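Asker: Model the full structure from these sequences, guided by the hints.
Those protein sequences? They're chains D and P, same order as listed.
For the first sequence, the numbering used here gives the first residue as 1, with consecutive numbering after it.
For the second sequence, the numbering used here gives the first residue as 294, with consecutive numbering after it.
Derived by calculation from the structure, the hints in this document are not laboratory data.
Quick caveat, the model's predicted, so the values are computed rather than measured.
Beta carbons: idealized from backbone N, C-alpha and C, even for Gly.
Fair warning: there could be bad hints in the mix.
As the list claims (entries may be wrong) - As a list, the in silico DSS-like pairs of lysine-lysine whose alpha-carbon atoms are at most 30 angstroms apart:
hint	chain 1	residue 1	chain 2	residue 2
1	P	Lys423	D	Lys130
2	P	Lys582	P	Lys593
3	D	Lys130	P	Lys579
4	P	Lys619	P	Lys582
5	P	Lys582	D	Lys130
6	P	Lys429	D	Lys130
7	D	Lys130	P	Lys410
8	P	Lys549	D	Lys130
9	P	Lys385	P	Lys549
What the hints assert, rightly or not - Some chain D residues near chain P, calculated using beta-carbon distances under 10 angstroms:
hint	residue
10	Met2
11	Asn100
12	Val103
13	Leu105
14	Gly108
15	Pro109
16	Gly114
17	Asp128
18	Lys130
19	Tyr197
20	Phe203
21	Ile204
22	Pro243
23	Asp253
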Amino acid sequence: MMNVLVFVGINTILAVALNLLLGYAGQISLGHAAFFGLGAYISGVLTVTYGLNSWISMFIAATATGILAFILGFPILKLKGHYLAMATLGFGIIVYIVFNETVALTGGPSGLSGIPNLGIASLTFDSDIKNYYLVWLFALISIFLSLNLADSRIGRALRAIHDSEVAARGMGVNVRLLKVQIFALSALLSAVAGSLYAHTMTFISPASFGFNFSVELVTMVIIGGLGSIYGSFLGAALLTLLPEILRAFQDYDIIVYGLLLILMTMFMPGGLVRGVPGILLSLRPARKQGREY
Amino acid sequence: MLSMTRTLFVALLITAQATIVLAAAPPIKIGALFAVTGPASFLGEPERNTAQMVVDEINQSGGIKGRMLLLITYDTQGDATRAVQAATRLIKEDKVVAIIGPSTTGDTMAIIPLVEKSQIPLISCAAGIKITEPVKPWVFKTAQNDSLAVAKIYEHLVKRKITKISILTVSDSFGSSGREQLKNQAAKYGIQILSDDTYGPKDTDMTPQLTKIRTNQSQALICWGTNPGPALIARNAKQLGLKLPLYMSHGVSSKKFIDLAGDAAEGIILPSGRVLVADILPNSDKQKKSLLSYVKDYQKHYKAEGDHFGGHAWDAVMLLKSAISKSGENPASIRGQLEKTKNFYGIGGIFNYSPADHSGLGKDAFVLVEVKGKDWKLVP
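Answerer: Encoded structure:
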C-alpha cells in the first residue's frame with residue numbers, strides 16, 4: 001500500500017502542475033507526460049551514465065526542462081483550442097520517439113536501470129516508507145506553492161486569461177509572457193515529479209511516458225475539478241488508487257474503471273471537489289422534507 | 294458515490310467467495326504478471342492462458358503433494374509503473390512464494406530490484422539478455438536469448454555463402470534487442486550489414502525501406518519484429534518484386550503470421566522454438582512429449598494453436614512445480630532448487646540452470662523453419 005501512496009504523491013505533483021495550466025490559465029496540454037519523462041530521463045542518464053549526484057541531477061533536470069518549455073512556449077502557446085492540443089500532442093509524441101530511438105543514451109524501449117536512490121548524508125531513500133515521506137514532502141511543497149500562486153495577482157491574471165484573453169490584455173496583463181511562464185512552471189514541476197519517479201523506481205522505460213499517460217493526467221485534473229488545487233489531489237488519488245481496488249474484478253477491471261469515469265463525468269461535471277459536496281447537499285434537504293411531511 | 298460503494302461491496306463478496314472455496318486446504322500461492330492488454334498483449338495473453346491452464350491441470354491431478362496451487366495474475370499492460378505496483382502487491386499483500394512473468398524485458402527489469410530485495414524467486418518470460426546477464430541470484434528466465442536466434446540465422450547464411458545483408462527491425466524492445474544482436478554478431482560470422490533500417494510498430498507501409506534495400510548489393514534481408522509488421526514487409530517485398538531470401542525472427546512464429554502474409558510468406562525462413570513443428574519432429578526428440586501435450590491441451594481449452602510465447606509460461610509453471618515438489622514452498626529453497634534444474638525437457642528447449650547461468654538454454658533451443666504450402670517445414 002505504501003508503494004501506491006508514493007505514486008499518489010508523484011501523480012499529485014503532476015496533476016497540480018497541469019491544473020495550473022489547464023484549470024487556471026485554460027491552456028490544454030496533451031504532452032505533459034513528455035515533461036515528466038524528460039525529468040526522469042535527464043535525472044536517470046546523468047546519474048547512471050555520468051555518475052552525477054542525484055540531487056544535482058534532479059536540479060539540472062528541472063531547470064533544463066523548465067527552460068525548454070519556456071522556449072517552446074512562445075511559438076506553441078500562440079495557438080488556441082484544438083490547435084494547441086495538437087501541437088502539445090505532437091511534442092509529446094516526438095519526445096516519446098526520442099526516448100525509444102536513442103538507444104545508446106536512454107537504453108531504448110528496454111529501459112534504463114540502476115538509477116540510484118536519493119539520499120541525504122547517511123540516509124538513503126531506499127524503502128517505500130522513506131520514499132513516501134520524501135515524495136509527499138515535495139507534493140505538499142508544490143500544493144502550497146500552487147495555492148499561493150492561485151490566490152495571488154498572478155492567479156487572478158491567469159483566471160482572467162481563461163475567461164477572455166482580450167479582456168485580460170485590456171486590464172494590462174501581459175498575456176503572452178504569463179502563458180509562457182505558467183507553461184514553463186508547469187513543465188518544471190512535472191520534471192521534478194519525473195526525477196522523483198526515476199529515483200524512487202530506480203528503473204525507467206519509455207512506456208511510462210507515452211500519450212496514454214498524458215491523457216491520464218488530463219483525466220486526473222478534470223475528474224478532480226478544473227481550477228482547484230485540492231481537486232487535483234483528489235483526482236490523482238482516485239485515479240491511482242482505483243485500479244488497485246478494482247483488481248478484485250480481475251479481467252473486468254478495465255470495464256468497471258471506464259464505467260466509473262463515465263458516471264463521474266456525467267454526474268459531477270465540476271469534478272470531485274465540487275460534485276461530492278453538491279451531491280451531499282442535494283441529499284440533505286430531501287431527507288429533511290421527508291421527515292417533515 | 295453510491296455506485297462506487299456498491300461495486301466495492303460486490304468486489305468484497307467476490308474475494309470472500311474465492312477464499313471460502315479454497316479454504317479447505319491452504320493453497321500454495323504463485324504470482325503471475327503478464328501484459329495481457331496493451332501493445333505486448335500478443336505475449337501476455339497466450340502466457341496468461343497457458344499459465345492458468347497448466348495450474349488448473351496440476352490441481353485436477355491432485356496438486357503438489359496434495360497441496361493446491363493458487364495462481365494470482367495481474368495485468369501489467371506492458372507498463373513498468375504498473376508492473377512494479379502489481380509485483381509489490383503480489384509480494385507484500387498476496388504473499389506469493391514465487392512470481393512468473395512479466396512478459397516484456399522492460400517490465401522485468403523494472404521489478405528486478407524489488408524481487409532481489411524481497412528475496413522472492415522470479416521466472417521471467419521475457420527474452421532480453423540483460424535479465425540474466427549478469428546473473429542475479431533470484432532471477433531466472435525461460436524465453437530463449439535473442440542472441441541464440443541470431444546465431445541460428447547467421448549459421449544458415451554462412452552455409453549458403455551469403456555475406457552481405459540488410460536488416461530491418463521494429464523500434465520496440467523486441468526489435469532493438471534483435472538489432473543489437475544482429476550488429477554484434479555479424480563480424481564473428483564474416484557478415485557485412487549494408488543497410489540498417491527501422492520501422493515503427495504501427496507503420497503500415499514499408500516500401501520506402503525496401504526500395505532502398507533493393508538498390509544496394511544485399512544478398513539477403515533479415516527482418517526483426519512481431520505481428521503485423523513483418524507480414525506487411527513480406528507483402529511489400531513481393532509487390533516490389535524483391536527477390537532476396539527473406540529471414541524473419543521468432544517474433545512471428547505463429548500461424549497468424551502465415552494468415553496475415555498469405556502467399557508472400559512462402560519461402561520465408563525463421564528460427565522458432567520447437568513448438569511450431571511439434572508434430573513433424575522426429576520421435577527421438579526429447580522435447581516431443583511435452584510439446585505435443587502442450588499443443589493438444591491448448592487447442593482443447595482455447596480453440597487456438599499453442600504458440601511459442603505461451604510456451605514460456607508453460608516452462609515457468611512446470612519448472613516451479615518441479616522445484617516446489619522437490620524442496621517445499623519456501624522461497625529460498627525454491628530458488629536453490631531452480632538453480633539445480635538439469636535436463637528439464639520444456640517447450641522452449643532443454644533447461645540446465647546453474648549458479649553461473651540463469652537462462653538455461655543452448656543454441657539447440659531454436660530450429661530453423663521455412664514456410665511451405667501455408668505450413669511450417671523444418672530446414673535441415
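Asker: Next, verify each hint and record whether it holds.
Answerer: Each hint tested on the structure:
1. Taking the CA atoms of P:Lys423 and D:Lys130, the gap is near 29 angstroms; set against the 30 angstroms cutoff, the hint holds.
2. For the hint linking P:Lys582 to P:Lys593, the alpha-carbon distance of about 17 angstroms falls within 30 angstroms, and the restraint holds.
3. About 51 angstroms separates the Cα atoms of D:Lys130 and P:Lys579, which puts this hinted pair outside 30 angstroms; it is violated.
4. A C-alpha spacing of about 22 angstroms is found between P:Lys619 and P:Lys582, which places the hinted pair at or below 30 angstroms, so the restraint holds.
5. Note on P:Lys582 and D:Lys130: the hinted pairing is violated, with a Cα-Cα distance of about 51 angstroms set against a maximum of 30 angstroms.
6. A distance of roughly 25 angstroms separates the Cα atoms of P:Lys429 and D:Lys130; the hinted pair therefore holds under the 30 angstroms criterion.
7. Restraint check for D:Lys130 and P:Lys410: the C-alpha separation of about 15 angstroms stays at or below 30 angstroms, so the hint holds.
8. A distance of roughly 48 angstroms separates the Cα atoms of P:Lys549 and D:Lys130; the hinted pair therefore is violated under the 30 angstroms criterion.
9. In summary, the hint linking P:Lys385 to P:Lys549 is not supported, as the alpha carbons are separated by about 39 angstroms, beyond the 30 angstroms threshold.
10. Restraint check, D:Met2 versus chain P: the minimum CB separation of about 8 angstroms is within 10 angstroms; hint holds.
11. Checking D:Asn100 against chain P by beta carbon gives a least distance of about 6 angstroms; that is within 10 angstroms, so the hint holds.
12. A hinted interface residue such as D:Val103 counts as satisfied when its beta carbon comes closer than 10 angstroms to some beta carbon of chain P; here the least separation is about 6 angstroms, so the hint holds.
13. Because the beta carbon of D:Leu105 sits about 13 angstroms from the nearest beta carbon in chain P, more than 10 angstroms, this interface hint is broken.
14. Using the Cβ-Cβ criterion of 10 angstroms, the hint placing D:Gly108 at the interface with chain P is satisfied: the shortest such distance is roughly 4 angstroms.
15. The interface hint given for D:Pro109 is met, as the beta carbon of that residue sits about 4 angstroms from the closest beta carbon of chain P, less than 10 angstroms.
16. Taken as an interface hint, D:Gly114 checks out: its beta carbon lies about 9 angstroms from the nearest beta carbon of chain P, inside 10 angstroms.
17. For D:Asp128, the interface hint holds, the least distance from its beta-carbon to any beta-carbon of chain P being 8 angstroms, beneath 10 angstroms.
18. About 13 angstroms separates the beta-carbon of D:Lys130 from the nearest beta-carbon of chain P, more than 10 angstroms, and the hint is not met.
19. Satisfaction of the interface hint for D:Tyr197 is found here, the shortest Cβ-Cβ separation to chain P being roughly 8 angstroms, below the 10 angstroms cut-off.
20. Contact between D:Phe203 and chain P, as hinted, is supported at the beta carbon level, the nearest pair being about 4 angstroms apart and thus within 10 angstroms.
21. Interface hint status for D:Ile204: upheld, as the beta-carbon distance to the closest one in chain P is roughly 7 angstroms, under 10 angstroms.
22. At its closest, the beta carbon of D:Pro243 sits 8 angstroms from a beta carbon of chain P; the interface hint therefore holds under the 10 angstroms criterion.
23. Interface hint at D:Asp253: satisfied, since its Cβ lies 8 angstroms from the closest Cβ of chain P, which is below the 10 angstroms cut-off.
Of the numbered hints stated above, those contradicted by the structure are hints 3, 5, 8, 9, 13 and 18, listed in ascending order.
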